[in-house]
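Asks: Each chain, written out:
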Amino acid sequence: MTAQTTPGTARGAPAPRELTRGERWGRRGPLLPGLLFVIALTQIPFLFTVYYSFQDSNLLRPESGGFSGLANYGAVLGDPLFRNAVVNTVLLTAGAVLLSLVLGLGLALLLDRAFLGRGVVRTLMITPFLVMPVAAALLWKTSMYHPVYGLLNWVISPFGVRVDWVNDFPLLSIILVLAWQWTPFMMLILLAGLQSQPPEVLEAARVDGAGPLETFRSITFPHLRRFLELALLLGTIYIVQTFDAIYMITQGGPGQATTNLPYFIYLQAFRAFEVGEAAAAGVVVVAATLVIAMFALRVVSSLFEEES
Amino acid sequence: MTDVGARRPDHGQEPVRPRAPRPRRRRRIGPGFGLGLLAWVVGVLFFFPVLWMFLTGFKQESQASTDPPTFWFEPTLDQYAAVLGRDFVPYLLNSLQASVLSTALAIVLAVPAAYALSLVRIPKWRDSLFFFLSTKLLPPVAMILPLYVIARNLGALDDVRTLTLVYTAMNMPIAVWMIRSFLVELPEEVLEAARMDGAGRIREMRSVILPMIAPGLAATALICFIFAWNEFFFAVNLTASQAATVPVFLVGFISGEGLFWARLSAASTMAALPVIIAGWAAQRWLVRGLSLGAIK
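If you're matching them up, the sequences are chains A and B in order. Counting in this note's numbering, the first sequence runs from 1 upward without gaps. Counting in this note's numbering, the second sequence runs from 1001 upward without gaps.
Take the hints with a grain of salt, since some may be wrong.
What the hints assert, rightly or not - Which bits of chain B does chain A cover? Going by a derived footprint, with three or more residues having C-beta under 8 Å, they are: (1) 1085-1099; (2) 1169-1179; (3) 1206-1216; (4) 1287-1294.
No lab work stands behind these hints: they were computed from the structure. Where is the CB? At the ideal position from N, CA and C, for every residue including glycine.
Use the sequences and the hints to build the structure in full.
Replies: This is the structure we're talking about:
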């Protein structure tokens, strides 16, 4: 691994002299188009969002505008609908992430063993993650959850129960769809973790007479921990941003029962045209995401250190 | 086989020798077979909704919503004909254009960037690398308003080119990280040999590096294509009638209220199929893409 770091250092090492300005730009040159492009399309819009969040701005009132200080933040944080959206986001994310993580771990352990048709099962398993989320949401809303014709009700009908899934358990319905979609993601990351275990160590444990449980507890789990963390953090970051399923299945309802932060901001911006408040809510979301993201970056960083 | 050999000493201590083989064999097959079967059952369960969607697309509407569900039916292509007759094709072309062009653009921008961040060690390369990653963690809701306003002021709303640029930016972190992870795996001797031959940067890139990472580039492109094709949030907010993509087409079925399940399933199948095939083809590299190159 360290050999791969040598080209740069080898070329730089014999000449500790300062690179000339031209040489430096020559080296940096290939990076710039991509870097500038990403800055232009992500950072500049975000700066605008921060700017809007301090403006009294509504797209329907062209005369609106002007600095409004922290008024938007006050309005957003004082808005019971915003707080409701925060609670929904936390419940939704925690529910979907934990459910898919647990299922993903179980499946990864199952698929780590050799059995007939393992490749086929793996291929079947990853399919829910590949299905266009909008199509998946519609599929669940109609074929799975429908109170009369839905397959879920058909499955539980021998028990004499019929459930109006989306109306009676809106949050759970969304969580189940998300868990279905994200379990393959968790499984893939954890399976990669399991398969990166050095076989000698497992073999040594077996020779020393460690049972499967003992081996899992003292060897596999510590090795898997960083992969679990990465799956948890990446899953959280992606699932916090859930929009498609809510837009397609519940439209944030019934009432406000499934309005999460992305959907709340969408409503503020594109239905109420309250640009200022939507922007303030967006900045709050970014601040919250940043906390999770920092942990995620640390984990990626540690996996990354190992590599180089 | 080695398993049996390893256990034999244990069994040697058992009191009733002749009986030992039978339970032993059952134990050897038992848990392994059971767990394999369990994996199959769970795998099929997870896949079943997708299979159901596929099947329902070949039903008549009267067979699509029944209680109990209809499992056996005469397949028909009526629903596919109906969807294609309902102006589905322009949406398909918009999706294709936005996904393919944004993928190509992301690769073109990411290859030199990944090169600068791996084989040439530029100052602060680590910061730049993590900067790309951090943009992936920025929620789209935090950018959508300004993008909408800027696009509106430029007259670029409802334009596939706008979506293409947004998707390119969205996929850049994945592309840079993935391609970089392929570049650092290149054997040192090969690069060294190219330099000994006096190959310049560009020739080294074109005739040595690119051919070697071609499979990696293909994998990266497939992953970028998957994300762009499935993207909904930017598509629904930045397009209206001209540039709307396939996910936006499916929105029309929300209010269908269970009347057009078969047609909906046919449309969903057509919408999902390209990515399912791309994903199956790229499944070896899926983890690397999803973890932004952090996991091999």
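Asks: Confirm or reject each hint.
Replies: Structure-based check of each hint:
1. 1085-1099: violated (count 0)
2. 1169-1179: holds (count 4)
3. 1206-1216: violated (count 0)
4. 1287-1294: Answer holds; 5 residues pass the 8 Å Cβ test.
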